[in-house]
Amino acid sequence: NAGVMQNPRHLVRRRGQEARLRCSPMKGHSHVYWYRQLPEEGLKFMVYLQKENIIDESGMPKERFSAEFPKEGPSILRIQQVVRGDSAAYFCASSPLSLSDEQYFGPGTRLTVT
Amino acid sequence: KQEVTQIPAALSVPEGENLVLNCSFTDSAIYNLQWFRQDPGKGLTSLLLIQSSQREQTSGRLNASLDKSSGRSTLYIAASQPGDSATYLCAVRGRGNQFYFGTGTSLTVIP
Numbered sequence: 001n002a003g004v005m006q007n008p009r010h011l012v013r014r015r016g017q018e019a020r021l022r023c024s025p026m027k028g029h030s031h032v033y034w035y036r037q038l039p040e041e042g043l044k045f046m047v048y049l050q051k052e053n054i055i056d057e058s059g060m061p062k063e064r065f066s067a068e069f070p071k072e073g074p075s076i077l078r079i080q081q082v083v084r085g086d087s088a089a090y091f092c093a094s095s096p097l098s099l100s101d102e103q104y105f106g107p108g109t110r111l112t113v114t
Numbered sequence: 115k116q117e118v119t120q121i122p123a124a125l126s127v128p129e130g131e132n133l134v135l136n137c138s139f140t141d142s143a144i145y146n147l148q149w150f151r152q153d154p155g156k157g158l159t160s161l162l163l164i165q166s167s168q169r170e171q172t173s174g175r176l177n178a179s180l181d182k183s184s185g186r187s188t189l190y191i192a193a194s195q196p197g198d199s200a201t202y203l204c205a206v207r208g209r210g211n212q213f214y215f216g217t218g219t220s221l222t223v224i225p
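If you read the protein sequences in the order shown, they are chains A and B. Residue numbers for the first sequence follow the numbering used here, beginning at 1 and rising by one. Residue numbers for the second sequence follow the numbering used here, beginning at 115 and rising by one.
Treat the hints with caution; some may be incorrect.
In silico lysine-lysine, DSS-like type, Cα no more than 30 Å apart, as pairs [said to hold, decoys possible]: (1) A:K71 / A:K44; (2) A:K71 / A:K27; (3) A:K27 / B:K156; (4) A:K44 / A:K27; (5) A:K51 / B:K156; (6) A:K51 / A:K27; (7) B:K182 / B:K115; (8) B:K182 / A:K71; (9) A:K44 / A:K62; (10) A:K44 / B:K115; (11) B:K156 / A:K44; (12) B:K156 / A:K71; (13) A:K51 / B:K115; (14) A:K71 / A:K51; (15) A:K62 / B:K182; (16) A:K62 / B:K156; (17) B:K115 / B:K156; (18) A:K62 / A:K51.
In short, the hints are calculated from the structure, not lab data.
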């Protein structure tokens with residue numbers, strides 16, 4: 001059973017470009033979470049999704065950021081018109097059905113905006 | 115809003131010593147608490163998960179306790195080894211669905 005997969009592992013974008021980050025949850029997991037870790041800061045929750053549904057996006061900036069988890073394929077975190085402040089490590093986690101379940105993290109995507 | 119604090123922010127110990135890492139949270143209405151380790155430039159590895167109804171969990175040299183009423187958890191590491199050097203994070207899952215993370219304790223075990 002492969003773990004949570006994220007790609008790319010490293011992404012460099014110029015200011016104003018779009019960044020697309022992908023996350024494939026563990027097999028059998030239907031809950032996906034995205035977190036952002038800014039340099040020298042802790043992980044901050046961004047969004048929680050189930051298949052085809054955004055359950056909680058309270059941690060996601062209102063503009064330029066969007067997330068989806070389609071019926072088929074990976075979850076996508078999309079950042080439009082990136083700015084230098086978006087440079088961070090973006091982690092995806094997945095868990096099975098229950099609220100009590102453990103969450104499993106992917107290796108992260110390190111986004112650098114130049 | 116849930117606030118998670120970890121003390122100390124950094125810790126350096128000689129190999130073989132036992133140590134305790136602390137995590138405190140402000141809202142005791144939690145589903146569970148999870149301890150992770152993060153190596154530099156890497157993702158998070160889950161160490162222990164404690165459900166809100168449990169008092170402690172053990173895995174090898176690690177023991178985590180939870181006192182929900184006082185909003186505290188500790189991670190005890192026995193007989194520390196240089197390979198234990200990493201940043202240790204605690205995260206609580208509370209109302210709603212999100213996990214709240216502390217800023218971590220950076221541990222260095224000196225050979």
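Now for the hints, and whether the structure bears them out:
1. A:K71 / A:K44: holds (26 Å)
2. A:K71 / A:K27: holds (14 Å)
3. A:K27 / B:K156: holds (22 Å)
4. A:K44 / A:K27: holds (25 Å)
5. A:K51 / B:K156: At roughly 27 Å apart (the allowed maximum being 30 Å), K156 (chain B) and K51 (chain A) satisfy the hint.
6. A:K51 / A:K27: OK: K51 (chain A) and K27 (chain A) at ~13 Å, within 30 Å.
7. B:K182 / B:K115: holds (16 Å)
8. B:K182 / A:K71: violated (37 Å)
9. A:K44 / A:K62: holds (15 Å)
10. A:K44 / B:K115: holds (13 Å)
11. B:K156 / A:K44: holds (16 Å)
12. B:K156 / A:K71: Judged against 30 Å, a Cα distance of about 29 Å means the pair holds.
13. A:K51 / B:K115: The hint holds at about 27 Å.
14. A:K71 / A:K51: Given pair K71 (chain A), K51 (chain A) holds - Cα atoms ~6 Å apart, limit 30 Å.
15. A:K62 / B:K182: violated (33 Å)
16. A:K62 / B:K156: holds (28 Å)
17. B:K115 / B:K156: holds (28 Å)
18. A:K62 / A:K51: Status holds; Cα separation ~21 Å.
Checked against the numbered hints above, the structure violates hints 8 and 15; every other hint is satisfied.
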